[in-house]
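*Asks:* What follows is each chain in one-letter form.
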Amino acid sequence: MTLVLSQLFTGISIGAVLLLIALGLSLTFGQMNVINMAHGEFIMAGAYTVYVLQQVITSAGASLIVALPIAFAVAGAMGVLLEFLLIRRLYGRPLDTLLVTWGVALILQQAARDIFGAPNVQTRAPDLLTGSIHLPGGLVIASSRVFILVLALTAVAALTLVLKTTSLGRRIRAVVQNRDLAAVSGLATGRVDRLTFFIGSGLAGIAGVALTLIGPIGPAMGTNIIVNAFLVVVVGGIGQLKGTVIVAFALGILQSMVEYTTTVSVASVIVFIVIVAFLQWRPQGLFTLRTRSLA
Amino acid sequence: MTAVASPPVAPPIKPSRKRTGWKTAAGFASGAVALFALAPAALDDFRLGLLAKYLCLAIIAVGIGLAWGRGGMLTLGQGVFFGLGGYAMAMHLKLADAGAGNLPDFMQLYGQLDALPWWWRPFANPVFALVATVALPMLVALLLGQLIFRRRVRGAYFAILSQALAAAMAIFLVGQQGTTGGTNGLTDIQGFFGYDLNDPVNRKMIYFIIAGALLLMLAVAWQLMRSRYGELLVAVRDAEERVRFLGYDPANVKLVAYVVAAGMAGLAGALFVPAVGIISPALVGVVPSIEFVVGVAVGGRASLIGPALGAVAVAWARTALSERVPSAWTYFEGLLFILPIVFLPGGLASLPRLLRKARK
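In the order they appear, the protein sequences are chains A and B. 187 is the number that full-length UniProt numbering gives to position 187 of the first sequence; each next residue is one higher, with no gaps. 256 is the number that full-length UniProt numbering gives to position 256 of the second sequence; each next residue is one higher, with no gaps.
To be clear, the hints were calculated from the coordinates, so they are not data collected in a lab. Check the hints yourself; a few may be wrong.
[As the list claims (entries may be wrong)] SDA-like mimics (lysine to any residue), calculated; alpha carbons at most 25 Å apart, straight line:
{"no.": "1", "chain 1": "A", "residue 1": "242", "chain 2": "B", "residue 2": "152"}
{"no.": "2", "chain 1": "B", "residue 1": "357", "chain 2": "A", "residue 2": "90"}
{"no.": "3", "chain 1": "A", "residue 1": "242", "chain 2": "A", "residue 2": "198"}
{"no.": "4", "chain 1": "A", "residue 1": "242", "chain 2": "B", "residue 2": "151"}
Please take these sequences and the hints and turn them into a complete structure.
*Replies:* Structure below.
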């Protein structure tokens, strides 16, 4: 029982990481139909932000707290720049956008290699987050994992709040539901796009900060993570956060359970097969916006 | 999906005017002269070996050109099919190297197995292995394509799924060290159906086989492109719903191009093994799979010869640049993904027409 519970928690914490990464992707994919392959490198930028800050701020706890807003701003700014310079020009060409952002990702990776060096760098985690929490029943969970879970859920709550209550959120939802109608209603869709990209990329920065707690920071860290995050977006469906949340946790739990019963190697194939099977049932993802469009 | 009217999956590229027969024949003839006469005369053994490797990449590119340029399916998982073909060939060659009844060297090394795993056994038969190099990728593509296209999963969704498959395949291969060689892959292949691969004459023979295969695949692609099917494929790319309303099933149309592209990638993998002597997960995963695409984008995705020329040019540039300044290559590759796609979506193949238009 304990074993099952601890696997369950492992799954939930994998899901939390996936969620944190997929949140920003789902936002930009939903609104602009843009697959941003450089999202992983924005995560990397967030992680390196922690590394750089720790050169200045010696206290690990303080640097982590300070890093969250700064990483959000850094990654967000990179996102806006990317949107302004390239993605804007490729409007209506989602597949080309995918390839172009992959090119950007390559350049950012190499830049990180040239600036920070090819080997992984280390950051210090605050003492509070290095230990583990003992629950009744012999269950031991790492406190950094709990922190990431809380962070992911906070990000979801904050994003929901922004989308549901603010005027920016209303504009974003309008553009997601019907871009042309939003434009003729007088919304500056271009500006909404840029703001969405800022938030979406900023969330990648936050994810990067969280990842410093559980893994190494290196130039290639982005590529490895985002493939699964993209799957979350595809399976979750577009335009609604709840799909992303549910699928992130479901995929995390599925992965940890299958890895536990088989091996990591076999699990990767099984998870893929499950996803293709799922798409037979819901080809547009778990939740979809009901529209009359043919696509 | 979104309420946004579904945008065209590829930039509008006018289907090239039907070339008259003799022009194409002349093109194939000059290609054959360049590959079979000029290149072997001008290049030393080492460079010719490199060219053989590039031509394998060109074969994959021809398939991607068909699926992506003509069919609008951006497949980021060609590494999977390349790998299936490559592993099928390498398994046979390893078994042949080991001799009848012996285990391949790496299996003895890791020492967990007493007997050959059952799924290795059929590959001892040369005919089975040769057929499998192409049939296996096509079969996998058929199965996957059936499931995906039938349910109208397309565009970016399809691209992501194909990429996820490449990731899964690479992780799977790395994990099965005892039976697939793990991270190292299948290496150190000595012979090719009885011919010693260390002999330069035999290496030259491999080059000729690859060059012949490339020309053959170009001919296949050309036939498909100029046929009625080719027109239908372009129509599906540009307006899938309209084709459906006309009474065709777009899923079938896409499936054919996808399966053919998979077969080409498998063939390329099979020929890559004797040319380079190795197949490994590093040639199969997400990164190599997307790198197969860049040459196609540079050369001109919708043209016949563009993808092949682009793939060779990019591979050549990679070798030339990374020999001198390794880090410069990655920047350059990044720019290759960005600049042609943003500013020249038709690739280099569209340059002549653009220039002609500019002069008018």
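*Asks:* Decide, hint by hint, whether the structure agrees.
*Replies:* Evaluated hints:
no. : hint           : in the structure
1   : 242/A to 152/B : holds, 23 Å
2   : 357/B to 90/A  : holds, 23 Å
3   : 242/A to 198/A : holds, 21 Å
4   : 242/A to 151/B : holds, 23 Å
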